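S.K.: Listed below, chain by chain, are the residues.
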Amino acid sequence: GDSVTQMEGPVTLSEEAFLTINCTYTATGYPSLFWYVQYPGEGLQLLLKATKADDKGSNKGFEATYRKETTSFHLEKGSVQVSDSAVYFCALSELGTGGFKTIFGAGTRLFVKA
Amino acid sequence: GAGVSQSPSNKVTEKGKDVELRCDPISGHTALYWYRQRLGQGLEFLIYFQGNSAPDKSGLPSDRFSAERTGESVSTLTIQRTQQEDSAVYLCASSNLAGEPGVAYEQYFGPGTRLTVT
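Protein sequence lines, in the order shown, are assigned to chains B and C.
Under the working numbering, the first residue of the first sequence carries the number -6, and numbering increases by one thereafter.
Under the working numbering, the first residue of the second sequence carries the number -15, and numbering increases by one thereafter.
Pulled out of the complex, with its shape left as it was, chain B reads as follows (with noise of 0.2 Å):
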């Protein structure tokens, strides 16, 4: 079955370093692929999508490119910031014989340092 894999954290990095997620996924199909983020005490929200292979999804200086000839959506930040600590997820969605059903990774957590 479809799945999503992403690189264990907890990852910390001080203010203004370089951040690269990794997330690599399995599908049947051609699923669309998304990044969510979950800010300490909130609900989690979309960051960034990419539907199509080739597409960039960007979003407040974070961006993921679907490749689909290594199957992967790595997010990458070139300076993060303190308010950029929180939870990032992995996801994919495909459409199947019910529809739309989405598989999260597990999601990484980065602190970033003063």
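Mixed in with the good hints there might be a few duds.
Stated by the list, open to error - Chain B residues, not near chain C, derived (Cβ > 10 Å throughout):
no.: 1; residue: Leu6
no.: 2; residue: Thr63
no.: 3; residue: Thr95
no.: 4; residue: Val105
Stated by the list, open to error - When the alpha-carbon atoms are kept at most 20 Å apart in a straight line, the in silico SDA-like pairs for lysine to any residue are as follows:
no.: 5; chain 1: C; residue 1: Lys41; chain 2: B; residue 2: Val105
no.: 6; chain 1: C; residue 1: Lys41; chain 2: B; residue 2: Asp(-5)
no.: 7; chain 1: B; residue 1: Lys45; chain 2: C; residue 2: Asn80
no.: 8; chain 1: B; residue 1: Lys49; chain 2: C; residue 2: Tyr89
no.: 9; chain 1: C; residue 1: Lys41; chain 2: B; residue 2: Ser(-4)
no.: 10; chain 1: C; residue 1: Lys(-5); chain 2: B; residue 2: Gly34
no.: 11; chain 1: C; residue 1: Lys41; chain 2: B; residue 2: Glu87
no.: 12; chain 1: B; residue 1: Lys45; chain 2: C; residue 2: Lys41
no.: 13; chain 1: B; residue 1: Lys45; chain 2: C; residue 2: Glu90
no.: 14; chain 1: B; residue 1: Lys53; chain 2: C; residue 2: Tyr92
no.: 15; chain 1: B; residue 1: Lys49; chain 2: C; residue 2: Glu90
no.: 16; chain 1: C; residue 1: Lys(-5); chain 2: B; residue 2: Glu35
no.: 17; chain 1: B; residue 1: Lys70; chain 2: B; residue 2: Ile96
no.: 18; chain 1: B; residue 1: Lys45; chain 2: C; residue 2: Gln25
no.: 19; chain 1: B; residue 1: Lys53; chain 2: C; residue 2: Glu90
no.: 20; chain 1: C; residue 1: Lys(-5); chain 2: B; residue 2: Gly36
no.: 21; chain 1: C; residue 1: Lys41; chain 2: B; residue 2: Leu88
Unchecked claim - Now the in silico label distances, taken between C-beta atoms and shown as ranges:
no.: 22; chain 1: C; residue 1: Val58; chain 2: B; residue 2: Tyr23; range: 29 to 35 Å
no.: 23; chain 1: C; residue 1: Val58; chain 2: B; residue 2: Gly(-6); range: 25 to 31 Å
no.: 24; chain 1: B; residue 1: Gly(-6); chain 2: C; residue 2: Gln67; range: 23 to 29 Å
Think of the hints as simulated: they come from the structure by calculation, not from any bench.
Only a predicted model underlies this, so the values are computations on that prediction, with no experimental measurement involved.
Glycine is no exception: its CB is placed at the ideal position from the N, C-alpha and C atoms.
Guided by the hints, dock chain C onto chain B, whose structure is given.
M.R.: Just chain C now, kept in the frame of chain B:
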């Protein structure tokens, strides 16, 4: 009412009791999802409703768990004879699948119900 709402926000119950959790999706959203998030862990898919189709119940962990949805409106997740391992945050999300054919759209999450079984 712009977002997904869930009630109660917190629920403490004794082992063996039944609990009912409620989700009000965003109006017009045809898809509704329930997830479980144990402390420090990722999201565990439970059940998915899409319009009038039969729900995808493949994630329900046992027959103590069930869910219903009234049309494209409110959903309730029921846990019977609760156990301590049921303690978690239960998240509901809704999605509007209209638009470009074959493309999944983002899910909008509610704030969750924190369930504690003592």
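S.K.: It remains to establish, for every hint, whether it holds in the given structure.
M.R.: Here's how the hints hold up against the structure:
no., hint, verdict
1, Leu6, "holds, 20 Å"
2, Thr63, "holds, 21 Å"
3, Thr95, "violated, 6 Å"
4, Val105, "holds, 19 Å"
5, C:Lys41 <-> B:Val105, "violated, 38 Å"
6, C:Lys41 <-> B:Asp(-5), "holds, 16 Å"
7, B:Lys45 <-> C:Asn80, "holds, 19 Å"
8, B:Lys49 <-> C:Tyr89, "holds, 16 Å"
9, C:Lys41 <-> B:Ser(-4), "holds, 17 Å"
10, C:Lys(-5) <-> B:Gly34, "holds, 17 Å"
11, C:Lys41 <-> B:Glu87, "holds, 16 Å"
12, B:Lys45 <-> C:Lys41, "violated, 28 Å"
13, B:Lys45 <-> C:Glu90, "holds, 14 Å"
14, B:Lys53 <-> C:Tyr92, "holds, 18 Å"
15, B:Lys49 <-> C:Glu90, "holds, 16 Å"
16, C:Lys(-5) <-> B:Glu35, "holds, 18 Å"
17, B:Lys70 <-> B:Ile96, "violated, 23 Å"
18, B:Lys45 <-> C:Gln25, "violated, 28 Å"
19, B:Lys53 <-> C:Glu90, "holds, 17 Å"
20, C:Lys(-5) <-> B:Gly36, "holds, 17 Å"
21, C:Lys41 <-> B:Leu88, "holds, 16 Å"
22, C:Val58 <-> B:Tyr23: 29 to 35 Å, "holds, 33 Å"
23, C:Val58 <-> B:Gly(-6): 25 to 31 Å, "holds, 30 Å"
24, B:Gly(-6) <-> C:Gln67: 23 to 29 Å, "holds, 26 Å"
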